[in-house]
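We have chain A; now place chain B onto it with these hints.
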Amino acid sequence: MIQLKAIDKYIESRFQRIFILKGIDLTINEGEFITLMGPSGAGKSTLLNILGLLDEDYAGEYFFGEKRIKTMKDKERSNLHKSEFGYIFQAYHLIDELTVYENIETPLLYRNVSSSERKSIIANLLDRFNMVAKKDLFPAQLSGGQQQLVGIARAIAGRPKVLLADEPTGNLHSAQAKEIMEIFQELHTEGTTIIQATHARENADFGTRLINLVDGRIKTDEAITK
Amino acid sequence: MWKNYLKVSFRNLKKRKLYTGINLLGLTIALVSFFSITLYIHHEWSYDRMYTDADRIYKINQEFVSGGEMQLVGTTPASLVPTLIGEFPEVETGTLVFDLSIFSSVLVDAGQGNQEESRFAFVDENFYEVFDFEILAGQKGALLNEPNQLVLTESTAKRYFGSVQNAEGKSLKIDGSDYLITGVMEDFPSNSHLDFDFLASFKTHRHGKNPEWSPSNYYSYAKLRKDADLSQFEAKLPQMVEKYLGEEQREYGFQTSFQTQPVTQIHLGDQTLSTVKPGTDIKYLYIFGVVAILLLAIGIINYVNLATAEATERNKEVGLRKVMGADRGQLFGQFVSESMLLTFGAAVLSLFTIYLLAPQFVKLGEVPLNLALLFSFEGLLILAGMVVVVGILSGLYPSIFLSGLEPIKALGNKVKIGGGAWVRKSLVVFQFFVSMGLLICTFVVKSQLDFMQEVNLGYQKEQIVALPYHYNMRNSIGTVKQEMLRTGAAESIALASDMPIHVKASYSIFPGGDNQKEFMITGYSVDNDLVNTIGLEILAGENFTETDISRSYANDSTLQLPIILNESALQRLGWSPEEAIGKRVDFGGGLANVKGVVKNFHFNSLHHQISPMVIFIDPDQANVLLVKMPAGNPAVHLASLEASWKSLVPDRPFNYKFVDQEYAQMYRSEQRVGEIFGLFSGIAIFIAGMGLFGLVSYVALRRTREISIRKVLGATQGDVISVLSSDFFKLLAISAVLAVSFGIWFSSSWLSAFANKASIGIWPYLYAVLIVLLLALITIGYRSWKVFSLNPSKTLKSD
Chain A
1 MIQLKAIDKY IESRFQRIFI LKGIDLTINE GEFITLMGPS GAGKSTLLNI
51 LGLLDEDYAG EYFFGEKRIK TMKDKERSNL HKSEFGYIFQ AYHLIDELTV
101 YENIETPLLY RNVSSSERKS IIANLLDRFN MVAKKDLFPA QLSGGQQQLV
151 GIARAIAGRP KVLLADEPTG NLHSAQAKEI MEIFQELHTE GTTIIQATHA
201 RENADFGTRL INLVDGRIKT DEAITK
Chain B
1 MWKNYLKVSF RNLKKRKLYT GINLLGLTIA LVSFFSITLY IHHEWSYDRM
51 YTDADRIYKI NQEFVSGGEM QLVGTTPASL VPTLIGEFPE VETGTLVFDL
101 SIFSSVLVDA GQGNQEESRF AFVDENFYEV FDFEILAGQK GALLNEPNQL
151 VLTESTAKRY FGSVQNAEGK SLKIDGSDYL ITGVMEDFPS NSHLDFDFLA
201 SFKTHRHGKN PEWSPSNYYS YAKLRKDADL SQFEAKLPQM VEKYLGEEQR
251 EYGFQTSFQT QPVTQIHLGD QTLSTVKPGT DIKYLYIFGV VAILLLAIGI
301 INYVNLATAE ATERNKEVGL RKVMGADRGQ LFGQFVSESM LLTFGAAVLS
351 LFTIYLLAPQ FVKLGEVPLN LALLFSFEGL LILAGMVVVV GILSGLYPSI
401 FLSGLEPIKA LGNKVKIGGG AWVRKSLVVF QFFVSMGLLI CTFVVKSQLD
451 FMQEVNLGYQ KEQIVALPYH YNMRNSIGTV KQEMLRTGAA ESIALASDMP
501 IHVKASYSIF PGGDNQKEFM ITGYSVDNDL VNTIGLEILA GENFTETDIS
551 RSYANDSTLQ LPIILNESAL QRLGWSPEEA IGKRVDFGGG LANVKGVVKN
601 FHFNSLHHQI SPMVIFIDPD QANVLLVKMP AGNPAVHLAS LEASWKSLVP
651 DRPFNYKFVD QEYAQMYRSE QRVGEIFGLF SGIAIFIAGM GLFGLVSYVA
701 LRRTREISIR KVLGATQGDV ISVLSSDFFK LLAISAVLAV SFGIWFSSSW
751 LSAFANKASI GIWPYLYAVL IVLLLALITI GYRSWKVFSL NPSKTLKSD
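Chains as they are written, first to last, in the numbering used here: chain A, 1 to 226; chain B, 1 to 799.
Simulated from the structure, these hints should not be mistaken for lab results.
In this text, a Cβ means the ideal position worked out from N, Cα and C, and glycines have one as well.
Some hints here could point you the wrong way.
[Claimed, not checked] Dumping the calculated DSS-like pairs for lysine-lysine here, alpha-carbon to alpha-carbon at most 30 angstroms:
1. B:K316 <-> B:K15
2. B:K316 <-> B:K446
3. B:K425 <-> B:K14
4. B:K3 <-> A:K119
5. B:K17 <-> A:K135
6. B:K3 <-> A:K82
[Unchecked claim] Beyond 12 angstroms from chain B on every Cβ pair, some chain A residues (computed):
7. S13
8. E30
9. R111
10. N124
11. L126
12. K161
13. Q176
14. H188
15. V214
Chain A extracted, bound-state conformation:
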């Protein structure tokens, strides 16, 4: 589904290139649940951003299915980004001025989903995450775990094939983190491809494949057997 070939990402400074990613070759198949691990600065977030088409400033080749990203037009790329990817952040990044309901609705608005369809999608999501009673609250009125639930609901509202999560449990305590991971597992069994970056080894156990990044290179890449 996704194929990365010899991806380099570097910052040009006066005397040298500082590599953030170096020679990444990676093939991701549909339905995988991949965990990216590694110390701070290993390049986990950068790799996620490249995968999610948010960062176009790199060397190497990226194929999504048959499509070669480099040669796509802005409009096509933005459409691909819209239809195939969902994002979850460590700091939740909800829009403070919008209610729970409206936060979940936003990606659907950008995808020109009709009003009645939006209503039913959001109703299902609220129901699934037990947030119906909280739909008119603003993010500031929710706990961190609840905010992240909204973040997940928002990310999957547009039914993306790939879910990218950057330290989704980093700001949560362990009970909340476990809940989030169980939801990921559920989404995975429903067929969603998930790529998460994390510091916590125990989170990797929910996935199917573990990739260790060190200093911008892939150090190990192994399947997880349960």
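The following block gives chain B in isolation, referenced to the frame of chain A:
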């Protein structure tokens, strides 16, 4: 989608109260100024467009060439209109208007004693064929066909008879003759150049019965046929002049020609032409129009600056929305809808404000603001258009800026608003340029107004009242004067044709001798007391004496009329004051003898140089009684004067005017310009000041951490102010340079309309720049103090 945009916009505006408040207030004030100026300009532009056939009604003006001097006047002979109607197939109809107030007022008696009225005109029977004003009572077509018929305006009818219906068929005694009221018309609209209370049939007047080609005292209007060719019509006018005036022209050596002027151009056209109502110099409409646009621009700039500066706080939201799939167009739509919402709010607020402040505007502009126009369908449509345009203009730059942010950087809070800073900087420069520029204009206008009040006019205008004098009073005037002097309410009393502030009558003078030519000269007909009453200074010869009055020059051609010349006349004649005394000249068709010379005095507006003048004895031509009151409370003296008047001239009302107030009135339009400039420069400074406050606030907010670190390292409050202000002061300095250059241009071009002008030093410029700098300093100082007083332990902790 739009619902979502609006909802988010609304919540954003609500959340940032300072930001929203500044923008809302700035835009509202700018829109109020813009709309009220627009309404004023529209009113001035709409003059005389309400007649059904306004596009083919022309006023006929007359040009004289005599003794090498050309003079264009607004009045024409009584024979012109009948001749045009009778002999020109192009002319559908025409009408004549004789504004009696040029010469005198009338006394109107409805049975309760005389009232003095000045808005009185004779018009011929075609008046309503040309100007289709609404007739409220009476039969159109049979209103002013016979002598001694009268039409009142609605409010005059109500004033005299209580209602429109009561007035019809009644009669009024005017200057002793009875007039039958045949109809009542609507009041003349404020945007008509015609403005009277009474219209009487011209047939009453002797020139109405037997029209002649002299004198030229009448306004003439012609309505051409729909298919008529104006240039063909104009081309035939010289033939008519030749036919009726040819012989006379050759005999007296002058030339006359007639010119057409569209009725819609009377109000804004040539301001030297006499017309019923003083017009408006179109130059001022342009100036006000530019000011309106500048104020609007300042309001929009406030928004642009604040919204861009605020981008630092919005970048997370922008980044998120992009990650969630928003494309640039959608984000653009969101930010524009936010500015649109704000503009809409400001427009609604400004409508309220205009509605509430309308009476104040009317006082300032001296024209009614047609609010109905603003609240009409078209008005609201234009308003909606304005909201869209202003909304887009103010939202455009911030939207482009914000929607162009890169999502990852935006989320990472790495955005610096350094990019595009030059745009914001030039906008700030522009705002302060406008503020300072308007302030300089205000000060320049003010200097000239002060100069005009304080300049030595060559005569005294204080403590002098003018009372109306009529020829009928000639037998009792001696007694009136004596009585007023006896009571001590008057020091000196003179009869004169005009107040000394504006002497109008023009005569021809021919000094004789070989190399002298006849020329036109201003003539001031007075009695022997004028020189002392208004304090003219005699340079040579002597003042008139009582015996000069008692002789009758008109009936005895061997007598020589004694005259006094001013310095300008001597200059023109090439005589020294001593030489002039005893010289004989031909003046106004009779022999005259120079008896004295007076120092020049300003008998005309300060727009003009002092021209040659003859002062001569002829109390019968007097229109005013100039009374010099002794020092002390004028009210007491006035009461005493009134008592004397009432007992000796019981049939004429006592109406007084202070000469110095009338003098100030002459410069009303300049004064108004000064007031309007003052007001709008205040507004501009206020809006720009708020914008600066907002901008400094954001800069301070952004640099809170830096300032806290500086404080920890030992910076004083002064250091903090200089850190925050150095950038802004560079911008203000550029604004000041631009504004001063503009001010120099403005003062030289505006003052060029005055022959007598104030010398403008550097003070107006210095004051304007210092005032704006001071306000900026206060704004910046206040913000710096607020940031400085924060506790560094708190501001540094959050990072």
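For each hint, the structure was consulted:
1. B:K316 <-> B:K15: It holds: about 16 angstroms lies between the C-alpha atoms, which stays within 30 angstroms.
2. B:K316 <-> B:K446: The given pair, whose Cα atoms are some 52 angstroms apart, is violated under the 30 angstroms limit.
3. B:K425 <-> B:K14: 27 angstroms, holds
4. B:K3 <-> A:K119: OK: K3 of chain B and K119 of chain A at ~15 angstroms, within 30 angstroms.
5. B:K17 <-> A:K135: OK: K17 of chain B and K135 of chain A at ~26 angstroms, within 30 angstroms.
6. B:K3 <-> A:K82: Roughly 21 angstroms separates the two Cα atoms, so the pair holds.
7. S13: Given that every Cβ of chain B is farther than 12 angstroms from that of S13 of chain A, nearest at about 17 angstroms, it holds.
8. E30: 21 angstroms, holds
9. R111: At about 6 angstroms from chain B, R111 of chain A fails to clear the 12 angstroms cut-off, so the statement is violated.
10. N124: With a cut-off of 12 angstroms, N124 of chain A remains clear of chain B, as the shortest Cβ separation is near 19 angstroms.
11. L126: Label holds. Min Cβ-Cβ 18 angstroms, cutoff 12 angstroms.
12. K161: 14 angstroms, holds
13. Q176: 22 angstroms, holds
14. H188: It holds; H188 of chain A is separated from chain B by about 22 angstroms at its closest Cβ, greater than 12 angstroms.
15. V214: With a cut-off of 12 angstroms, V214 of chain A remains clear of chain B, as the shortest Cβ separation is near 22 angstroms.
The earlier numbered hints that this structure contradicts are 2 and 9.
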